[in-house]
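Student: Spelled out, the chains give:
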Amino acid sequence: MADLFEGYAAEAEATAAWDEVFEAPDTPRGVYSSLYDALQPLSSSDLAGRKAALDRAFRDAGITFNLFGEERPFPLDLVPRLLDNPEWEIIERGITQRIRTLEAFLADVYGRAEVLEDGIVPRRLVLSSAHFHRAAHGIDPPNGVRAHVSGIDLIRDEQGGFRVLEDNVRVPSGVSYVVENRRAMTRVFPELFATHRVRPVADYAAHLLYALRAAGPPDVADPTVVVLTPGVYNSAYFEHALLARQMGVELVEGRDLTVRNNNVTMRTTEGDKPVHVVYRRIDDDWLDPLHFRPESVVGCAGLLNAARAGRVTIANAVGNGVADDKLMYTYVPDLIRYYLGEEPILANVDTYRLEEPDQRAHVLERLDQLVLKPVDGSGGKGIVIGPQASAAELDALRAKIEADPRGWIAQRVVRLSTSPTLADDRLGPRHVDLRPFAVNDGTKIWVLPGGLTRVALPRGSLIVNSSQGGGSKDTWVLAPEASTRESVSIRNRPAGMSPPVAEGPDIGPSASSDQQQQQQQQQRRQLVVVRPC
Amino acid sequence: MLSRVAESLFWIGRYSERAEHTARILDVHVQRVLEDPWLDEASAGRELLAVMGLPAPDGETDSRGVTELLAFDPDNPSSITGAICAARENARGARDVVSSEVWECLNATWNDLSHSEQLARRLGPHVFFRTIRERTAMLAGLVDATLARDDGWRFLVLGRSLERVDMTGRLLSSSISEDPASQSWVSLLRSCGAHEAYLRTYRRAVDASRVAEFLLLDRLFPRSVYWSLSMAEQILAELDGARGRARFTLDDKARRIVGRTRTELEFRSVDELVDDMPDLLVSLQRTCSTVSEAVTTRYFARDAPRSWATEVPA
Amino acid sequence: MSWQVRVEHSTGYRYGNPVISSYNEARIVPQTASGQVTLEADVRTEPAATTYRYWDYWGTQVTAFDIHGPHQELIVTGRSVVQTASGRGRPTNVPRWTALADEPVTDRFVEFIRPSHSAPDHPELADTARELAARHTPDEFVPAVGDWVRERLTYRHGTTGVHTSAVDAWKQGEGVCQDFAHLALVLMRAAGLPARYVSGYLHPSADAAVGETVVGQSHAWVEGWLGDWWGFDPTNGVAVGEQHVIVARGRDYNDVPPLLGVYSGGSSTSLGVTVAVTRLG
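Chains as they are written, first to last, in my numbering: chain C, 1107 to 1639; chain B, 18 to 331; chain V, 4 to 284.
What the hints contain is simulated information worked out from the structure, not anything from laboratory work. Since the structure is predicted, the reported quantities are computational estimates derived from the model, not experimental observations. It cannot be assumed that every hint is accurate.
To be verified - The list that follows gives simulated cross-link-like pairs (lysine-lysine, DSBU-like), each with its CA atoms no further than 30 Å apart:
1) K1487/C - K174/V
2) K1487/C - K1506/C
3) K1550/C - K270/B
4) K1157/C - K1487/C
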């Protein structure tokens, strides 16, 4: 056994989680066998060298995120995470099903609210949600899409099944890391791509642009799309710039936009130019000072009414947060049955609603065994993992829950699956999750093959968020062997036939060998002449 | 092109050119102090700072002190470090428009600044100046090789040209010497990378009036003031051309100023040139800032930063 | 008997410095609902602006507009002719307190039972509400709350602002119609009675002559759910009738501000409000 995997089996055993790579000590699962064969002969210094090159490349390209005001390269682990095609198809279908449901739910609560009338979700939960924006009532997106981009967080439980941990239909971020991770991996580990048929992720921006254009006002034939960023100091600024660049659209800040009479324009060197679709990467609260925080300088006054008047489309729609808070999450399986008449393909993690007195009492007795999450939290903020918390922390938590039961949910501690991750100079099992990204263009929901695998770098940690010391892995969905689409050869040339060879580039005049010889002799003679002086 | 982004590109051009020229000017200065035993180091330092628009500091103005201020001071946007930071900051705000390679070049330069600075403190400032010259040359090359010749490129090159006029002016000011045959003229040419070009052009020893003529008026050398002004003029015409073509007077203020300055230079004799040099250089600098303002007003159209207040409800 | 009333409502701001742009929403057009019919309505602004009209979540007609170019004053004038609803007596078949506490009712009216920003809960006020509720059936309770509020608050202009909460006004012991309404809402909700805030206009005299234009006021009152919504004016201690013109309903003032906006530059002061009402028939 190579030293890279030394001690891995024992450590993995101790985590009591599903291991992504090994089904038994030293026995990789089928999908990983060729990766294992490729990694095993490598030495740790080899990996460390590649890792250093990678970090340097990320830093130069500015692929960083802001942590406590400092720019750090986003830590990419070198060992990719692999998914075979049958497994991926389940995920794809499950995510599509979930997004169709969330779209239906959003259209409903911002419209006729039948789901509340039918008592599927208690009205009080929706109406007391901090993200239910009454100002968004009556804004009908032109092609019916509210979640143009979604990120659904998945984890694999101890039995190896995928479960949904969280839905993100507001402004999910991280897709730029998927794209950049792949680009970096092809440079650092070109040999692995020769032995694996990895489905590409580079066309994400093309799908996004298509969906955004499809979402434009119906009376505009050639809609202008912009990406709205809070600015260079935002932690996801890199991603905003990347998406704008790859879509070939303007990256605007709030101060570049003006609304007059419900027409949105951007200020250019050639005067004001109309804008029809705003892919905004600003939270609802800061988007429009007229309806939300008046002190916002990153937003654009009048934007919401322009959307209401149908002159501009805001993507994702305002008020989506009502569908993805962690309490509403517990109702999603019911919503799938209600709206689609289907059984959920991907299960939820078992969750207690603390808002209900019985469940609350049950949970309060077992705080030390459960994970407690604030309903509105994001980025892993405020999460308390019972078994790892001190008595004082639990007491403080208890008080918070009793003061605001609507604000919390409780879940069983799921040992997220582990994957070999470079730590110091060898590979150790670290917990991972998976955030696939989906783009809805109104006719089809397209799921980016793979997504962002986030990994908790500290040993034993279950929190994978980048703001809490998380890293990422490139995620490979392996194409099926017989896939016709992806094995097309260049220019459809039949196999075995070699291409015609073109003439080589022209070559300039060169000194003949005679000349060279004479020049050299000349030198020699000069030398001889010089000597007597 | 977004006005905000256009403005960023303009300033990327100006700041990167400024970093390069400041490195060149400082390199000459440090060299001159070393080579000329009769030179009063402190007063030469004060002269240089004055030319660069900095008030004389409380501390030393020996070449080390001057280098600190003009090369490493991060709070001064005209120091090399400050200019690189500012250029990079502007590129960050325009990342969707500048090519990845241009961005990476600037960002990597910025990442390396502290390393190069440390190296310079150990091995002498020349290594730092050389690094900056190389990186800015690489940047210029990438700008030429990877940016489409659209308005974005135009604003960047416009900024670069204006800054070059300004900086060449300062470079000349810093070298004006009583002695027309002074060695400082040679260093001046060297700092512009113009020594060989000069020699090939004139085929004789360096003298003050010819150097001035060459750096101000040469029609072919891309660092001459004339050449830079023509470049700026041409780009302003292209930017303006797509919009309202004037049949009589030019509406565009920036074009008028650049054109007038270029003509005034163009039809001046060499003798006049030498006699009027100090005034001429000052007026060149003034031209640059006026043009910069005119361009800002016309294309970048910034209004006061909008901050919203809730009206007192009625 | 219902009245036909013409209302002319004028309001606005004056700015310290010329304002470059401002975005505004006015909620001053009377509703057509619950027996009231708006026959004509027109909103104008000065400086002139193109207006955009929509109905918000609460069913209020909103007039939105933005103004560009320096201006130092903004005046919004709404003119409307309304057929008001005739006064209704106290409703019959009123649900009992226990029925109001049932899940279907509390779920349906959850927005009007929960405390809101300007009508927050307060333990002392909750005690008062429980005492009053113990002594009255829900329909008697509403006027009783009105009496209690009028006992505690003295009607006085200028001591409270639009953002004063019910609790602050109660501690101060004075306020205007808005504060009366908010305080009544706190008590009604604390007792478990769904209650909402209504903004509108009031014709000051019950025996107004037809055709005579008098100074009216923009006004606020409440509605409680007694099997159906029933309006009560705690400031004047009367049931809502033909003198009341309904503009908007919501959880409290913040859902129905008559004029709301943001602007850039300078500082703003309110120009105050003038309301002229004429009974037309």
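Student: Taking the hints in turn, state whether each one holds.
Tutor: Here's how the hints hold up against the structure:
1. For the proposed pair K1487/C and K174/V, the alpha carbon gap of about 38 Å is over 30 Å, so the pair is violated.
2. At roughly 15 Å between alpha-carbon atoms, K1487/C and K1506/C fall within 30 Å of each other, so this suggested pair holds.
3. Note on K1550/C and K270/B: the hinted pairing is violated, with a Cα-Cα distance of about 53 Å set against a maximum of 30 Å.
4. The straight-line distance between the Cα atoms of K1157/C and K1487/C is roughly 29 Å, inside the 30 Å bound, and the hint therefore holds.
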